[in-house]
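Novice: Residue numbers (this note's numbering), protein chains in the order written: chain A, 13 to 320; chain B, 28 to 306.
Derived from the structure by calculation, the hints contain no laboratory data.
Check before you lean on any hint, since a few could be wrong.
[Stated by the list, open to error] Straight-line C-alpha distance at most 25 Å; calculated PhoX-like pairs for lysine-lysine:
{"no.": "1", "chain 1": "B", "residue 1": "143", "chain 2": "A", "residue 2": "142"}
{"no.": "2", "chain 1": "A", "residue 1": "154", "chain 2": "A", "residue 2": "143"}
{"no.": "3", "chain 1": "B", "residue 1": "143", "chain 2": "A", "residue 2": "154"}
{"no.": "4", "chain 1": "A", "residue 1": "195", "chain 2": "A", "residue 2": "143"}
{"no.": "5", "chain 1": "A", "residue 1": "28", "chain 2": "A", "residue 2": "154"}
{"no.": "6", "chain 1": "A", "residue 1": "145", "chain 2": "B", "residue 2": "143"}
{"no.": "7", "chain 1": "A", "residue 1": "26", "chain 2": "A", "residue 2": "223"}
{"no.": "8", "chain 1": "B", "residue 1": "218", "chain 2": "A", "residue 2": "28"}
{"no.": "9", "chain 1": "B", "residue 1": "218", "chain 2": "B", "residue 2": "143"}
{"no.": "10", "chain 1": "A", "residue 1": "142", "chain 2": "A", "residue 2": "154"}
{"no.": "11", "chain 1": "B", "residue 1": "218", "chain 2": "A", "residue 2": "143"}
{"no.": "12", "chain 1": "A", "residue 1": "142", "chain 2": "B", "residue 2": "218"}
{"no.": "13", "chain 1": "A", "residue 1": "143", "chain 2": "B", "residue 2": "143"}
Just so it is clear, the structure is predicted and the values come from calculations on it, not from any experiment.
One-letter residues, chain by chain:
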Amino acid sequence: MSSPVIAARLLTKKYKELAAVDGISFEVEPGESFGLLGPNGAGKSTTMRMVGAVSTRTSGDLDILGLDPNEHGPEIRSQLGVVPQQDNLDQELRVRDNLIVYGRYFGMSLADCGRKADELLEFAQLSDRKKSKVDDLSGGMKRRLTIARSLMNDPRILLLDEPTTGLDPQARHILWDRLFRLKEQGTTLVLTTHYMDEAEQLCDRLVVVDKGAIMAEGSPAQLIRAYSTREVAEVRFGSERNAEVALLIEGIGERLEVLPDRILIYSDDGDAVLAEIARRGLHPITSLVRRSSLEDVFLRLTGRSLIE
Amino acid sequence: MTSSPTFAPTRPQSKPRSGTIGALYAGNARSVVARGLLATRSTNYWVVLSGFFEPVFYLLSMGLGLGTLVGTVGASTGQQVPYAAFIAPALLAVSAMNGAIYDSTWNVFFKMQYAKLYEGMLTTSLGPLDVAIGEISLALLRGGLYAGAFMIVMQVLGLNLAWTAILALPAVLLIAFGFASLGMAVTSYMKSFQQMDWIAFVMLPMFLFSATFYPLSVYPPVLQWIIQALPLWHGVELVRGLTTGALSLAMLGHVVYYLVMIAVGMVFTTRRLRALFLD
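Kindly produce the complete structure, drawing on both the sequences and the hints.
Specialist: Okay, here's the thing in structure tokens:
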């Protein structure tokens with residue numbers, strides 16, 4: 013097995029007294045697609061900034077492509093592609109110029125930049141917009157341009173901080189498709205997200221982060237197996253009745269969760285759960301059976317209360 | 028499109044660098060300058076031109092208009108020069124300052140706070156010193172352009188009294204460099220529009236009182252010292268000496284003042300960019 017491209021050990025970042033990242037350890041193998049999942053404020057972006065060699069760690073060890081970012085920031089950055097949470101495209105430049113100028117920042121020749129820019133515009137499905145102003149692009153196009161830009165220097169690792177936040181479903185699916193192609197080509201992807209479907213689509217392996225610490229680690233399937241059941245039955249009896257009905261269906265399935273608007277019953281056989289509820293003479297207003305998802309894992313690990 | 032292209036490797040061989048300077052400087056400030064020049068294509072040229080016209084209007088109204096009433100004025104060496112020839116070099120220094128300050132304050136503020144331009148630049152292999160040198164060079168270029176054009180106006184109006192006026196060109200570049208460097212350093216510490224207004228609050232009185240329109244000798248000594256501590260006065264004196272031919276050794280002091288100003292601005296800008304974007 014080749015050595016990991018990212019190795020973090022007890023990585024910590026403190027702002028004054030507050031620990032944004034509190035001693036996390038993980039490794040990313042070459043070609044792997046690795047996800048950091050967590051609610052807002054969990055420390056995902058701070059971790060990404062340290063991995064991106066634009067933030068200095070407070071303590072712990074960090075090794076990116078065999079180098080210490082504290083001492084080799086520019087060399088590490090020359091081999092990374094960065095897609096920040098907020099687009100920071102150059103508004104004063106047109107689409108193709110955005111790519112060329114960015115390539116120049118890496119010291120690439122003008123000829124290389126031009127060739128690469130055209131390749132990547134094709135890849136990002138923006139060839140017909142190369143002369144457009146950045147402002148005139150849709151949100152999804154801007155994101156694709158940002159990703160194209162991050163690939164100008166042929167990065168060995170691509171860092172994506174919430175790549176599809178704020179995009180409509182169509183734009184997200186196009187973006188996932190592009191990212192999946194990069195993954196197939198062997199680019200190492202590291203991404204943060206709080207969309208569970210995104211993590212399931214793109215990540216080979218992920219860690220769930222909350223309050224600066226790692227809560228769980230594994231592949232999406234492993235995490236679902238470990239922290240949830242195969243299926244979930246959701247039943248609604250109306251906001252007033254849910255709590256009292258919950259007492260009557262106690263014992264069905266492996267675990268029960270009562271929410272204000274519905275009851276979740278975790279079980280490997282959701283249909284059997286619904287049948288049992290009917291047998292007990294209860295008739296929910298609506299019911300459905302779905303496969304358990306990372307979202308269930310995530311909410312179980314990080315709690316349902318709003319974290320700000 | 029459905030085919031997925033495979034990308035030819037174009038990654039430049041990264042030179043191993045070590046030490047502190049390696050983390051700050053990639054030797055690629057020209058890419059920042061090139062970006063600025065390309066971006067200028069999309070800016071409004073009338074806005075750019077307005078900065079040049081301001082001192083020209085002052086020269087016409089005060090120098091040619093008011094000058095007919097004033098007659099001649101004594102330069103710092105005691106030499107008597109016509110009023111228009113007295114204020115023209117001061118306005119030349121001001122035009123260099125204006126150009127440099129426009130670019131290094133408001134434009135830098137916008138790029139830093141709203142366009143997130145430097146944040147993007149610093150995720151590449153560029154270092155903060157590359158960004159500082161590149162942006163300051165652009166401001167210097169603008170200051171130089173304004174001053175060069177103003178110099179032509181002076182020549183046409185016959186306000187360059189000595190051959191040494193030609194040396195005023197490098198002198199205004201030095202002045203523009205100084206203001207660009209300090210301007211960017213100051214701006215990098217600014218967080219809001221209100222704070223940016225303080226810059227204008229300092230600039231206007233400095234423009235009016237730095238021996239621009241009358242000799243420093245009209246002030247009581249205490250006020251003279253204050254004016255002499257401010258950068259514009261050094262620029263005004265330096266350029267005035269060169270265009271009127273009233274040369275003195277004190278001019279070397281003015282040059283040194285600007286060299287220090289450039290160095291201080293560079294150091295603080297680099298430090299601040301590093302603290303902001305590479306914490």
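Novice: Please name the hints from earlier in the document that this structure breaks, with their numbers sorted from lowest to highest.
Specialist: 4, 5, 11, 12
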